[in-house]
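The residues making up each chain are set out below.
2 protein chains.
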Amino acid sequence: MAQIDRRKMLKLGTAGSLAALASTSAQHLMAEAPETARAAVPQWEVFEFALPGPASGNPFAEVQFSAAFTLGNRSVYVPGFYDGEGRYKIRFMPDAEGMWSYATASNSPALSGKTGAFACIAPLAGVHGPVCARGHHFAYADGTPFFPFGTTCYAWVHQPEELQKQTLETLRAAPFNKIRMCVFPKSYEYNHNEPALYPFARDAAGKSDFSRPNPAFFEHLEQRIAGLCALGIEADLILFHPYDRWGYATMPAEADDRYLRYVLARISAYRNIWWSLANEYDLMRAKTTQDFDRFFHIVEENDPSAHLRSVHYCNTMYDYGRPWVTHASLQNSEFESAAGWLQDWRKPICFDEVMYEGNLNRRWGNISAEEMTRKFWLGVMAGCYVTHGETLLDADGAFDENATPTLWWAHGGTLRGASPQRIGFLRKLVEDSAVASGSTRAGFEAQSPAYYLNASVPLRETKDTAQILYYFDVHQPIFYEFPLPEGRFSAELIDPWEMKITPLPGIFSGKTKLKLAGRPYQALRFRRVL
Amino acid sequence: MAQIDRRKMLKLGTAGSLAALASTSAQHLMAEAPETARAAVPQWEVFEFALPGPASGNPFAEVQFSAAFTLGNRSVYVPGFYDGEGRYKIRFMPDAEGMWSYATASNSPALSGKTGAFACIAPLAGVHGPVCARGHHFAYADGTPFFPFGTTCYAWVHQPEELQKQTLETLRAAPFNKIRMCVFPKSYEYNHNEPALYPFARDAAGKSDFSRPNPAFFEHLEQRIAGLCALGIEADLILFHPYDRWGYATMPAEADDRYLRYVLARISAYRNIWWSLANEYDLMRAKTTQDFDRFFHIVEENDPSAHLRSVHYCNTMYDYGRPWVTHASLQNSEFESAAGWLQDWRKPICFDEVMYEGNLNRRWGNISAEEMTRKFWLGVMAGCYVTHGETLLDADGAFDENATPTLWWAHGGTLRGASPQRIGFLRKLVEDSAVASGSTRAGFEAQSPAYYLNASVPLRETKDTAQILYYFDVHQPIFYEFPLPEGRFSAELIDPWEMKITPLPGIFSGKTKLKLAGRPYQALRFRRVL
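Protein sequence lines correspond, in order, to chains A and B. With the first letter of the first sequence counted as 1, position 15 gets the number 32 in our numbering; the numbers rise by one all the way through. With the first letter of the second sequence counted as 1, position 448 gets the number 465 in our numbering; the numbers rise by one all the way through.
Next up, chain A with everything else stripped away, as it sits in the complex:
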């Protein structure tokens, strides 16, 4: 929880406290609202200030409020938001060290022309900034490679408080560094509970006023995002979804756009955010693809931190080649198509829904742990990334009609499956390979399907190749001739399920014939010997 406290510490009561460091207008701001004093804001943390403003009418809809943050010749437009009770806020994640100044603008005189400044200092230890796309892969803003090994808990923030805490505890020990999660509560098979908080004001009859977001709802969501950030987990935040009984999936366009702007103003300053415009966008019958094109533009225009942007589909792919999409977020297991897609789209690919380890009565929710593990390997071998989910019913509960099972995929809680441990094993192999190569991408050359499976992607051997990883999938050769690149290599047999690494005696060069296990789902790693 260290990081949550740190974030709170960085919040400023009303206006920028570093006015002493600012130019002319800072004096004015200090005079008007001199509250918390802060020496500096570390890079990629949240700088926030609040101002009092109009509380009558509908401030959400009627009051425009923003700030321009300036560093040298650079100016960043930062939308603000109404936080209820006459309180207006600006949040900003500085992405460069130096002396930032700011000035507010508003159609309300009370909120307009306020200025201030603060020093952005070096990032805290272990903080690398938001994740960005780098070619076909990802890296933090400081260049540190980021390899997404994600999981899925769509509605965990809408569960009882104790369960949410348990989810965070589970994630602390789990191998996942990204989580797909919804802003809106979810109404779906196995997901019927009402949320404790609603995203919009509701009348006594439960009718939502989409023009009035509920600040308490978003404050809670932000705490969860900050909790994930403290664990080093990226929040792949799903802005719309079709599993709905409250009307959030069928709001009018004007309400959609206002909701988006509100979320962006509140949440963009959290460095661990990825925007997922929707889960299964094509199942949202009230919306068109053009609506989602517009949503992408709203996100682009209103996110000062330019977080990753994608959208997830069910049957009909969004065109991931469009320039405003930073990476693909797929629902399929067509790993053999990945090479072509990478070439076409020239951006990273996350296979974000490949079915879940589980045993329930739906095809998307009952694959074995072995199959889930296999999909992670196939995804990595294809130069892509894969997302986990778990839908394991208790064997007895399945025939209890009154049972309300807690499923990780929807509710969070605990992980009971056998795949996470194996996914963690693979993640470590991938991360180790990056350390070995000092690269911003995995330091091994994936050899399947690229090479071993004879697919169209040529072997990307170079004399700098640090590691080569083969995965044999259903294939069970008892020997294979490996064409090694220039240099000398050690070799290890890897059993992805047993998580065993068995070094082979010897140092190898050139065309290398090796005896293999002769059973399926095995791997082999070569490491360059210096």
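Think of the hints as simulated: they come from the structure by calculation, not from any bench. One thing to keep in mind: the hints can contain errors.
If several chains are the same, the list does not tell them apart, and a pair holds so long as it fits within one copy or across any two.
Unchecked claim - With a straight-line cut-off of 20 Å between C-alpha atoms, the simulated EDC-like cross-links for lysine to aspartate or glutamate are:
id	residue 1	residue 2
1	Lys532	Asp417
2	Lys182	Glu388
3	Lys517	Asp449
4	Lys106	Glu65
5	Lys530	Asp411
Go by the hints and put chain B onto chain A.
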């Protein structure tokens, strides 16, 4: 061997022996060549006669010889062939009972205008005729369903005699009723031996004369085809292939066409023939798709028995929708595409190369027995058929550079894999279902991927559905709600690998929730209770 002897018995020394049963010209024939006396030819057996003719020049190229076989108002054109040593033959498989008469035609007076007749009588016990396409499935000519469960021994007829005998013995006990095999010898990895016989005359330097087929070669091939017939096995005979060092893959068009006509004249009368125009036709760089179009037409025009016709590809599919193709012969495992292909092509689909159970150093030759078994189930569930192959190296032999392993896929011999037994188990399920429904197609409605996997093919339930078979593949639900069609059903859990059928207590109707194994690769069968 009973059937081989029977076939020999039906051969006539020179001309038709049933002349006594024939009309006017029969008297002439009897007078000219009265040799063997035969009472009758059972339907779908081989009727053959030989005539002496010119032996000088190149009779293969220069002598035209054919016969017209007549039954009532129907006349069938039957090409004849030169069998060497001044001997010319006509072979014919009568497909209808009754009194057939025939008359020869030739550009050689010695072979022209010979006439005869014979009675075609009821088929021998257990003989159902050649296999034909019936909608998306296959049936023998008499309507008995035929479900291909094939295997692959490309070059078995080119191995030492003892090995060929062993292959036939293995097939006698194996679960396969179709075999893919080449006319030409094969030159490929693990296949380097010279054949005992060559298809064409060769000079001392080993140069072939493609205009002179070698009758001994074809006589031997025919014996093998007859041997398969005696075992009830269809010979899916591959007419061209690219694995060649003798020049058979690069003959000029004229030689190709003459070779085809020769094969057709000799072999069409064997009822267990399927024509596979090529293996991997698209790897035959010296030929174009148009060449294969022409080959199809030559086969159509010269095969009086109209056997099944297809062609097998490597990378580029032949257009199986063309009217002269009777069924698809695929090299892939895209079972999920089968529903669309069935709809487009409106003919049966054989997944004839889905990789082989094995452990050698090629991706096509090293899948596990479990994966091979799974592919058979997926194929059947998709309403299609799958072909087996085995490439199991001896674990020690793999590192012996001088070893020349005997691999079933190329050489025949014995089967050592674990999949054939499971394939036999599935074949029995499929054949039993046809018996249960009295149908010309499998009597179960396949439920995966069609229904269980939510694919686009609707559940084909009717009130006559005799059996419903579900296969869960990688899915492991602990329960599932099965929507049964009208009527009452018993249910059995099926373990395809353990080959165990476990009846569930009770009789089921309507929406039926059942507890399942909760592990992958399981199946379930419903059977209508009358």
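We went through each hint and held it up to the structure:
no., hint, in the structure
1, Lys532 with Asp417, "between (51 Å within a copy, 12 Å between copies)"
2, Lys182 with Glu388, "neither (29 Å within a copy, 42 Å between copies)"
3, Lys517 with Asp449, "within (15 Å within a copy, 45 Å between copies)"
4, Lys106 with Glu65, "within (7 Å within a copy, 98 Å between copies)"
5, Lys530 with Asp411, "between (47 Å within a copy, 16 Å between copies)"
This entry does not satisfy hint 2, going by the numbered hints stated previously; all others are met.
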